[in-house]
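Taking the hints into account, I'd like the entire structure generated from these sequences.
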Amino acid sequence: MHIAGMIAIGIGVLFLFLGSFGIVRLPDVYNRLQAGTKCTTFGCLFAVLGVGIVEPAWFWKALLVSLFVLLTNPISNHALGRAAKKSGVPLWDGSVVDKSRDFPSYANTEKL
Amino acid sequence: MIVSIFLLVIGAAIVLCLIRLIKGPTATDRAVALDTVTTVTTALLVILALVFKRYIYLDVALVYAVLMFIGSVAIARFLEKGI
Amino acid sequence: MEESLEQILELSLTLLMLGGAVCACVFKDLLNAVIAAAFVSLMAAILFYFLQAPDVAMAEASIGAALTTAIFVIAIKKTKRVEEE
Amino acid sequence: MVERIFKKSTTRVRIFLYLFILLTLVWMALTSTLHWQELTAGVLISFILSLFLSKSYVGLGLPTPTVKTLSFLLIYIASLFKEIIKANIDVAYRVVHPKMPIRPGIVVVKTELKQDLAKLMLANSITLTPGTFTLDIAGDKLLIHWINVSTQDEEKATQAIALKFEKHLKRVFS
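Residue numbers (our numbering), protein chains in the order written: chain A, 1 to 112; chain B, 113 to 195; chain C, 196 to 280; chain D, 281 to 454.
These are computed hints drawn from the structure, not numbers from a lab. Warning: the hint list may mix true and false statements.
Unchecked claim - Here's a subset of chain B near chain C, in silico, CB distances under 8 Å, partners left out:
(1) S116
(2) I168
(3) F190
Since this is a predicted model, take the numbers as computed values, not measurements. Beta carbons are placed, not taken as given, at the ideal position from N, Cα and C, and that holds for glycine.
As structure tokens, then:
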């Protein structure tokens, strides 16, 4: 039980580190958001559930914490991404396509 | 013993986020770094509760997970209508 | 946990907090300064946690990082965003 | 007339019961004890809350909870977890790879879901799955940032990104 929980915490911590690494390494806001959302949500989920496995009496509260993280983290990141697009942060030069001109509410924001 | 390695890795993650917070060309980059550091901190608090062996410390992580989202949404709302 | 590791972590957290505080003073764009201040209060909350005061950490987390950020953002919206020389 | 009122009231009672059970379970997870004082307080508070909340639940136009809907919801959550694990390995590979094999771009995707909550769940699951990130929703279209664009066509992009969740969500919200 103890070893399984420690392995879960280890996986979670590894993904948290990779998410932060992606924040530093990737080229523009949108790609950074990708790394920042997925890796940190997953890593936090695994770390918290791992703590719940190591101490079985804590499991239910740990589950509640992970549930809140799973619900709130994508929403706040989505709000940040939308704000970035609306305030006209440019895409990276290597981007392939930008279809946001077809979208009604972005017709008059600056191009690329 | 192995927990101390986890704590050091999380500390390194916070340092990386601070680098992006200093460097970031736009305000949105900095907000993304702050949001990431919040999630990392929630995990850190839960692991520290395991280290200190106190059940009551989990409550702090719960409050963190619920309330931090308000700050990010406030910043995002401002950026949408601002410059 | 060993005594020395705890001291190392506390020291590094203090240094991170100092870095964030310097950023909050240096930035000319006030929104960036607010974000750096939120980072500082995040680190302060972890530091309180290390000093075995979870209630203070909870208050610091809720007031310092969530409420203060929202109030500062509203204040910036009513005034100007960029600081002048 | 009488029959209709009866039918409406039974769905209302069912919603009330489900909310009551859900809130009591959350309370029990928060306190983590089976002491009788805590349980009494929890049952009382969740009774009062579900009395008020069941009214607004009907007003929001959410699906009535039945055993079938809940089992479809569980299947959806299981498939979501599988996708999350795939997504993380994918993103970790892209970040660690020395050349960063990314071809980012913004594409438009269509959805057939009607309810607001269903669209929210679809957007959240798209955010958590491999290489895609929801930027905005308007009407039946979603604006999506894709880290590795393989097609620019709207139909094909819909098939690649949204369809695998939509078929689960349609069954939940039918």
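Going down the list of hints, with the structure as the test:
1. S116: 5 Å, holds
2. I168: Nearest chain C Cβ about 6 Å off; hint holds.
3. F190: 5 Å, holds
Consistency note: the structure conflicts with none of the earlier hints.
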